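J.: Sequence:
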Amino acid sequence: MAGPEIDPFAGLDHKRFMALALAEARRGFRAEEVPVGAVLVDFSGAVLASAHNRTVTLNDPTAHAEVLALRRAARRRRNYRLLNTVLYVTVEPCMMCMGAILHARLTGLVFGAPDPRWGAAGSLFDISADPQLNHRVTVVGGVRREACGRLMRSFFRDRRKRDG
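The sequence shown maps to residues 1 to 164 in the working numbering.
Honestly, the hints are just simulated from the structure, not real lab data. These figures come from a predicted structure and were not determined experimentally. We treat Cβ as the ideally placed atom computed from N, Cα and C, and that holds for glycine. One should not assume that every hint holds.
For each label pair, taking beta carbons as the anchor points, the in silico distance ranges come out as [claimed, not checked]:
| id | residue 1 | residue 2 | range |
| --- | --- | --- | --- |
| 1 | A23 | D158 | 14 to 20 angstroms |
| 2 | F156 | T57 | 17 to 23 angstroms |
| 3 | E146 | R105 | 28 to 34 angstroms |
Assemble the whole structure, with the sequences as input and the hints as a guide.
T.: Structure (C-alpha cells):
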C-alpha cells in the first residue's frame with residue numbers, strides 16, 4: 001500500500017471512524033447500492049460529512065460515497081479544499097475518487113478492503129503517491145479489512161442469488 005512508514009494522523013481512532021463508514025455502507029446495502037461508506041473527519045476527530053454509494057438511486061455514475069462525502073464537507077466548509085482532513089472509506093477508492101481526494105487536498109485516506117480491480121490507492125494503481133502530481137495523500141489500508149470485505153462479498157453473493 002502507498003504511504004510513508006509513519007502515520008501522521010495516528011491520533012485518530014481509525015477503527016472507530018471505520019465503524020461509522022461501515023454503518024454508512026450498510027445503509028447503502030439496504031438501499032441495494034454497492035455497499036461502500038465514507039466518513040470525512042478533521043484532525044480534531046470531528047465528523048465533517050458521511051455518505052454511502054448512491055449511483056443507482058441518483059442515476060449518477062459519480063455518486064460514489066467518497067465524492068458525496070467530499071461534496072457535503074466542501075459545502076459545509078464553503079471551500080473545496082479540505083485541508084487537514086482524513087477520509088475513511090470501506091473499500092479502496094477508484095481512480096475517479098482518488099482524483100477528487102487529491103483535488104480536495106485531503107491529508108489522509110484510510111480504507112478497509114483493497115480493490116484489486118478498481119483500486120487506485122495501491123492495488124491496481126497508486127495515484128496517491130504519483131510523483132508527477134503536485135499533491136500527495138498519506139494512505140493507510142486494511143483497517144477493519146475483514147468486516148469491509150465481508151460486507152462487499154455478501155452484497156454480491158445476495159445479488160447473484162437474486163438475479164439467478
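J.: Look at each hint and say if it fits the structure.
T.: Against the structure, the hints come out as follows:
{"no.": "1", "hint": "A23 to D158: 14 to 20 angstroms", "verdict": "holds (19 angstroms)"}
{"no.": "2", "hint": "F156 to T57: 17 to 23 angstroms", "verdict": "holds (18 angstroms)"}
{"no.": "3", "hint": "E146 to R105: 28 to 34 angstroms", "verdict": "holds (31 angstroms)"}
Checked against the numbered hints given earlier, this structure breaks none of them.
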